[in-house]
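**Student:** Please build the complete structure, drawing on both the sequences and the hints.
Those sequence lines, one after another, are chains R and H. Each residue of the first sequence is one higher than the one before, starting from 90 at the first, in this note's numbering. Each residue of the second sequence is one higher than the one before, starting from 90 at the first, in this note's numbering.
Careful, some of the hints might be misleading.
[Said to hold, decoys possible] List of simulated lysine-lysine pairs, DSBU-like, C-alpha gap at most 35 Å:
| no. | chain 1 | residue 1 | chain 2 | residue 2 |
| --- | --- | --- | --- | --- |
| 1 | H | Lys191 | H | Lys228 |
| 2 | R | Lys228 | H | Lys228 |
| 3 | H | Lys228 | H | Lys129 |
| 4 | R | Lys245 | R | Lys228 |
| 5 | R | Lys245 | R | Lys129 |
| 6 | H | Lys191 | R | Lys191 |
[As the list claims (entries may be wrong)] Cβ pair distances, simulated, as ranges:
| no. | chain 1 | residue 1 | chain 2 | residue 2 | range |
| --- | --- | --- | --- | --- | --- |
| 7 | R | Ala187 | H | Glu142 | 48 to 56 Å |
| 8 | H | Val239 | R | Gly150 | 47 to 55 Å |
| 9 | R | Arg234 | H | Glu142 | 30 to 38 Å |
These aren't lab readings, by the way, just hints derived from the structure by calculation. From the three backbone atoms N, C-alpha and C, an ideal C-beta is built for every residue, glycine too.
Protein chains: 2
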Amino acid sequence: MVLSKILNHGVRGRKSDRMAVKENLRPGGRSARVQASVHKAARDLLGEMNRAEVTIPLIAGKAGVTPSTIYRRWGDLQELLADVAVERLRPDMQPIDAGSGKADLEAWAEQYAEEMSSGPGREMIRDVLAAQTGANACKCCEYTRQQIVVIADRAKARGATFPDVDLVMDQVVAPIMYRILFGDVPDAARVRDLVSRVMSMAG
Amino acid sequence: MVLSKILNHGVRGRKSDRMAVKENLRPGGRSARVQASVHKAARDLLGEMNRAEVTIPLIAGKAGVTPSTIYRRWGDLQELLADVAVERLRPDMQPIDAGSGKADLEAWAEQYAEEMSSGPGREMIRDVLAAQTGANACKCCEYTRQQIVVIADRAKARGATFPDVDLVMDQVVAPIMYRILFGDVPDAARVRDLVSRVMSMAG
DNA sequence: TTCGTAAAAGCAAATTATTTGCATTAATGG
DNA sequence: CCATTAATGCAAATAATTTGCTTTTACGAA
Numbered sequence: 090m091v092l093s094k095i096l097n098h099g100v101r102g103r104k105s106d107r108m109a110v111k112e113n114l115r116p117g118g119r120s121a122r123v124q125a126s127v128h129k130a131a132r133d134l135l136g137e138m139n140r141a142e143v144t145i146p147l148i149a150g151k152a153g154v155t156p157s158t159i160y161r162r163w164g165d166l167q168e169l170l171a172d173v174a175v176e177r178l179r180p181d182m183q184p185i186d187a188g189s190g191k192a193d194l195e196a197w198a199e200q201y202a203e204e205m206s207s208g209p210g211r212e213m214i215r216d217v218l219a220a221q222t223g224a225n226a227c228k229c230c231e232y233t234r235q236q237i238v239v240i241a242d243r244a245k246a247r248g249a250t251f252p253d254v255d256l257v258m259d260q261v262v263a264p265i266m267y268r269i270l271f272g273d274v275p276d277a278a279r280v281r282d283l284v285s286r287v288m289s290m291a292g
Numbered sequence: 090m091v092l093s094k095i096l097n098h099g100v101r102g103r104k105s106d107r108m109a110v111k112e113n114l115r116p117g118g119r120s121a122r123v124q125a126s127v128h129k130a131a132r133d134l135l136g137e138m139n140r141a142e143v144t145i146p147l148i149a150g151k152a153g154v155t156p157s158t159i160y161r162r163w164g165d166l167q168e169l170l171a172d173v174a175v176e177r178l179r180p181d182m183q184p185i186d187a188g189s190g191k192a193d194l195e196a197w198a199e200q201y202a203e204e205m206s207s208g209p210g211r212e213m214i215r216d217v218l219a220a221q222t223g224a225n226a227c228k229c230c231e232y233t234r235q236q237i238v239v240i241a242d243r244a245k246a247r248g249a250t251f252p253d254v255d256l257v258m259d260q261v262v263a264p265i266m267y268r269i270l271f272g273d274v275p276d277a278a279r280v281r282d283l284v285s286r287v288m289s290m291a292g
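**Tutor:** Spelled out as structure tokens, the structure:
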């Protein structure tokens, strides 16, 4: 799957006018280079220091770009970090094949819960949700849904039944995310319960 | 139920040291007055202008307080807005009695979904989740859970069965919140489905 | 290819927000 | 009522953000 990593963001004058995310604005050389450089600088800084200490001038300095470029393209730190986070939240592989639909879903959900409830995971989710633009959050949700679709298709290809994808989102993904966001840590046993409950509703 | 509205926040020097929310720091007259005045100013400004245009100096001006007071007590705008939001998210009444556990839950869940998916609702949730302190999010979750507990207790007092509160959180509250956060709007029909599904698991 | 156009980036001055040290006020506990 | 100290006020110093203007450079048409 070819994934365009280039997202350009058109930005204008006053604060209320901003954040109109227009993609493919000028994918040519320099724009893309600046985008990549800024993203990398942001990622690196997030790894080196507290999220609260990262500022736009810092990122700009590390990226070799003037701060005003970042302000004009992304608007503010929150939008930039959301943009960086959503890219990092993109799954980098297909869900592993564990032999059956239930085993696939169980393995995927356990890994998902673990990754998302980790320190960096929580921060990325927070960054995505804190942005004014709901588009990033949507994208995240889509990534997750896509993973479930792959598992569901695989199960059906095996001739097995598998619950509707929306049902899995409601009954497995949503409870895991809710607990992570609202302060709890979903343990593996609970995740397995969620999975076996939804699997018993298949077909 | 007596609810202390006074939350004091102890704050110190550098950014990474901040946001240590200590309650009951000095609930005496002036502190409480400043707290109330700042909260009211923030609420009013949020009603008058875009969230992105609200700043600490603005709030301070309207509250008749110096900005540094706000910086020292809350740390930054995000924490202050989270504090304001969590107060507004506190339920102001018991869930209405609709005659049965299922009807109670249905009525409550529909209202919850509607309020939370509204513009102001979404903003409050975002503000709460965006704060570095997970404490606010916890509190919100607790408010919701408390409402479910009331409904459950009422059902049991009627001699009826009612699903476990955690199950309701997982199967009704979490899916509603997930959809709101990740870009969807949960319609009434879907909410009713969630409720009837969980009610069929009662006992 | 070259050229015209306009988007994106750089730069620097102006504005605004944030931090900080110190002085003052006023809760709290004896 | 007094001593103590948290909380606030004030103002100077620092840092972030905005903005007007210039320069660079992608992109498309000739």
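**Student:** Are the hints correct? Go through all of them and say.
**Tutor:** Checked hints:
1. Using a Cα cut-off of 35 Å, the hinted pair lysine 191 of chain H and lysine 228 of chain H holds, with the two alpha carbons roughly 25 Å apart.
2. Taken as a hint, the lysine 228 of chain R and lysine 228 of chain H pair is honoured in the structure, with Cα atoms around 28 Å apart against an allowance of 35 Å.
3. Between lysine 228 of chain H and lysine 129 of chain H the alpha-carbon distance is near 20 Å, which keeps this suggested pair within the 35 Å criterion.
4. With a C-alpha separation of about 25 Å, the suggested pair lysine 245 of chain R and lysine 228 of chain R falls inside the 35 Å cut-off, and the hint holds.
5. Restraint check: the Cα-Cα separation between lysine 245 of chain R and lysine 129 of chain R comes to about 40 Å, which exceeds 35 Å; the hinted pair is violated.
6. For the proposed pair lysine 191 of chain H and lysine 191 of chain R, the alpha carbon gap of about 31 Å is at most 35 Å, so the pair holds.
7. About 50 Å separates the C-beta atoms of alanine 187 of chain R and glutamate 142 of chain H, a value consistent with the hinted range of 48 to 56 Å.
8. Between valine 239 of chain H and glycine 150 of chain R the beta carbons are some 54 Å apart, a value that agrees with the proposed interval 47 to 55 Å.
9. Restraint check, arginine 234 of chain R to glutamate 142 of chain H: a C-beta distance of roughly 34 Å satisfies the suggested window 30 to 38 Å.
The earlier numbered hint that this structure contradicts is number 5, and it is the only one.
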